[in-house]
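Asker: Protein sequence lines correspond, in order, to chains A and B. In short: position in the first sequence from 1, add 1, done, that's my numbering. In short: position in the second sequence from 1, add 26, done, that's my numbering.
Calculated directly from the structure, the hints in this document are not laboratory data. It is possible that some hints are incorrect.
To be verified - In silico DSSO-like pairs for lysine-lysine, Cα to Cα no more than 30 Å straight-line: (1) B:Lys-66 <-> A:Lys-145; (2) B:Lys-81 <-> B:Lys-94; (3) B:Lys-65 <-> A:Lys-188; (4) B:Lys-52 <-> A:Lys-137; (5) A:Lys-72 <-> A:Lys-137; (6) A:Lys-145 <-> A:Lys-175; (7) B:Lys-36 <-> A:Lys-159; (8) B:Lys-94 <-> A:Lys-187; (9) A:Lys-137 <-> A:Lys-34; (10) A:Lys-188 <-> A:Lys-61; (11) B:Lys-94 <-> A:Lys-96; (12) A:Lys-145 <-> B:Lys-75; (13) B:Lys-75 <-> B:Lys-94; (14) A:Lys-168 <-> B:Lys-36; (15) B:Lys-52 <-> A:Lys-168; (16) A:Lys-67 <-> A:Lys-137.
Unchecked claim - Every beta carbon over 10 Å from chain B, so not counted as near; a handful from chain A, in silico: (17) Asn-10; (18) Glu-11; (19) Ile-15; (20) Pro-24; (21) Asp-27; (22) Lys-52; (23) Lys-67; (24) Lys-72; (25) Leu-88; (26) Met-97; (27) Ala-132; (28) Pro-143; (29) Phe-150; (30) His-154; (31) Phe-179; (32) Arg-183.
All residues carry an ideal CB built from backbone N, CA and C; glycine is no exception.
Read off the chains here:
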Amino acid sequence: MNCEPVDNNEAELIRQLRQGSRPAFDALVEIYKNKGLSICYNLTGNIEDAKDVLQEVFIKVYFNIKNFEDKARFSTWFYRIAVNSSLDFLRKRKKMYNLFTSLPKNEEGEEKEFPDTRYDPARVLSSKESAAVLDKSIAELPYKQRVSFILKHQNGLKAHEIAGILKCGVPTVKVHIFRAVRSLQKKFTSGG
Amino acid sequence: MLECLFVRRKLYGYFCREFAEAEHDKIKQHLDACPACRKKLEEIEELIKLAEARKTPEVNEAFWHDFKTDLDRRLNARLVPELKLRPGLIYKLRPALVYASVLVIILGLWTCRFGSRARRINIAQSAEELVNEINLNDELSLESGLNHDEGAYIDEFNLLIQLDESPA
Ligand SMILES: [Zn+2]
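Okay, chain A solo, but in the shape it has when bound (with noise of 0.2 Å):
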């Protein structure tokens, strides 16, 4: 996934959006949707629930822009506000849940976030043992481990991209995503 930094056109539909431009907003979601999409879908695990999350996000985008400061990249912003409406959007989920039923908790006393992929088509067509093993390990991950995992290596952001997603350094991203192929290893190679 490229990341390059905010060019002048871009700028200039930000400057637009900011004071209120619809054709700039549309522009926008045109150039952004694939990539949102992606990061939603690879988070809450379902493609209807990424759409909608993404609707949110863009909405978002619309009334926050203001806060968008220029010396930020805009994808990186962007990003961050996916990630948190699609963790938002589990824990939203999570807690009807627990109108039921208990979650299991991770190593650090989390809850598991199951990420929804019982009606997923996609996930049924690739229904081998070894992807559903992975796709419940990632779920039991602590969150930061998760996401920069999920961001990295189903998105194809860089560390650097995931460290100002985060608000943290590149190596304590770099921490984040070893552990969370040491655990994910341990958990695959003993069959969960």
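Could you slot chain B with the ligand onto chain A? The hints should help.
Answerer: Chain B with the ligand only, in chain A's frame:
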């Protein structure tokens, strides 16, 4: 064995080619000679390959069309309450009020002059009539060289849509 421990902690970095050439070569030498560490590297490769194979499902034009339609609907729904609550609305509508006043004066003068022939002035009864009035205002402002404020016009128009949607 101690070397194996060090190498295993670096396998992921090695896989991602994060090390300088000398370090990379050193690990490679160990891997060439150590089947156990090589197996661990293969596990990481397999894991990452599997994770990266999990692609977002292909979506078609119809998906994006629905997406955009829903998005516009949701955004518009949130923009309308914002318009209602915005304190600067009256200020923004000020140019429109000026045009309306000018219109009333001109219509008044016209009525005085052609009193008997003129039809009674009706207060706009529907959104359609309001739109016509606004259009007339626009023409008037162009004729009189007033600088029409686009933001005010949009606010005005949104207000009309609201009036149109609200029950009579
Ligand atoms: Zn070894």
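Asker: Hints first: check each against the structure and report whether it holds.
Answerer: Verification of the supplied hints:
1. Distance restraint check for Lys-66 (chain B) and Lys-145 (chain A): the Cα-Cα separation of roughly 24 Å lies within the 30 Å cut-off, and the hinted pair is therefore satisfied.
2. Only pairs whose Cα atoms come within 30 Å are accepted, and Lys-81 (chain B) paired with Lys-94 (chain B) is accepted, the gap being roughly 22 Å.
3. Among the hinted pairs, Lys-65 (chain B) with Lys-188 (chain A) is consistent with the structure: their alpha-carbon atoms are about 16 Å apart, no more than 30 Å.
4. Distance hint between Lys-52 (chain B) and Lys-137 (chain A) is unfulfilled; the C-alpha atoms sit about 35 Å from each other, more than 30 Å.
5. Our distance criterion of 30 Å between C-alpha atoms is broken by Lys-72 (chain A) and Lys-137 (chain A), whose separation comes to about 38 Å.
6. With a C-alpha separation of about 11 Å, the suggested pair Lys-145 (chain A) and Lys-175 (chain A) falls inside the 30 Å cut-off, and the hint holds.
7. Taking the CA atoms of Lys-36 (chain B) and Lys-159 (chain A), the gap is near 19 Å; set against the 30 Å cutoff, the hint holds.
8. Distance restraint check for Lys-94 (chain B) and Lys-187 (chain A): the Cα-Cα separation of roughly 42 Å exceeds the 30 Å cut-off, and the hinted pair is therefore not satisfied.
9. A distance of roughly 27 Å separates the Cα atoms of Lys-137 (chain A) and Lys-34 (chain A); the hinted pair therefore holds under the 30 Å criterion.
10. As the CA atoms of Lys-188 (chain A) and Lys-61 (chain A) are separated by approximately 37 Å, the hinted pair breaks the 30 Å bound.
11. At most 30 Å may separate the alpha-carbon atoms for a hinted pair to count; Lys-94 (chain B) and Lys-96 (chain A) meet this at roughly 29 Å.
12. Only pairs whose Cα atoms come within 30 Å are accepted, and Lys-145 (chain A) paired with Lys-75 (chain B) is accepted, the gap being roughly 21 Å.
13. A threshold of 30 Å between alpha carbons decides the hint, and for Lys-75 (chain B) with Lys-94 (chain B) the separation of about 33 Å lies outside it, so the pair is violated.
14. About 25 Å separates the Cα atoms of Lys-168 (chain A) and Lys-36 (chain B), which keeps this hinted pair within 30 Å; it holds.
15. In summary, the hint linking Lys-52 (chain B) to Lys-168 (chain A) is not supported, as the alpha carbons are separated by about 34 Å, beyond the 30 Å threshold.
16. For the hint linking Lys-67 (chain A) to Lys-137 (chain A), the alpha-carbon distance of about 39 Å lies beyond 30 Å, and the restraint is violated.
17. Every Cβ of chain B is farther than 10 Å from the Cβ of Asn-10 (chain A); the closest lies at roughly 20 Å, confirming the non-interface assignment.
18. Remark: the non-interface label on Glu-11 (chain A) is consistent with the geometry, its nearest Cβ contact in chain B lying 19 Å away (cut-off 10 Å).
19. Consistency note on Ile-15 (chain A): stated as away from chain B, and its beta-carbon is indeed over 10 Å from all of that chain's, at 17 Å minimum.
20. Every CB of chain B lies more than 10 Å from the CB of Pro-24 (chain A), the least distance being 12 Å, so the non-interface label holds.
21. Non-interface call for Asp-27 (chain A) relative to chain B: violated, since the shortest CB-CB distance, roughly 8 Å, does not exceed 10 Å.
22. The non-interface label for Lys-52 (chain A) is inconsistent with chain B: the shortest C-beta to C-beta separation is roughly 6 Å, within 10 Å.
23. At roughly 13 Å from the closest C-beta of chain B, the C-beta of Lys-67 (chain A) stays outside 10 Å, upholding its exclusion from the interface.
24. Lys-72 (chain A), annotated as away from the interface, keeps every beta carbon of chain B farther than 10 Å; the closest lies near 27 Å.
25. Distance check on Leu-88 (chain A): its Cβ is at least 18 Å (rounded) from any Cβ of chain B, clearing the 10 Å threshold; non-interface status holds.
26. At roughly 21 Å, the least C-beta separation between Met-97 (chain A) and chain B is larger than 10 Å, which holds for a residue marked as non-interface.
27. Ala-132 (chain A), annotated as away from the interface, has a beta carbon of chain B within 10 Å; the closest lies near 6 Å.
28. Listed as a non-interface residue, Pro-143 (chain A) keeps its Cβ farther than 10 Å from every Cβ of chain B; the least gap is roughly 17 Å.
29. Not every CB of chain B is more than 10 Å from the CB of Phe-150 (chain A) (nearest about 7 Å), against its label as outside the interface.
30. A beta-carbon of chain B is positioned within 10 Å of the beta-carbon of His-154 (chain A); the least distance is around 4 Å.
31. Distance to chain B contradicts Phe-179 (chain A) as a non-interface residue, since its nearest Cβ pair spans about 6 Å, not more than 10 Å.
32. Under the 10 Å C-beta cut-off, the non-interface status given to Arg-183 (chain A) relative to chain B is violated; the minimum distance is some 8 Å.
Of the numbered hints given earlier, the model fails hints 4, 5, 8, 10, 13, 15, 16, 21, 22, 27, 29, 30, 31, 32; all others are met.
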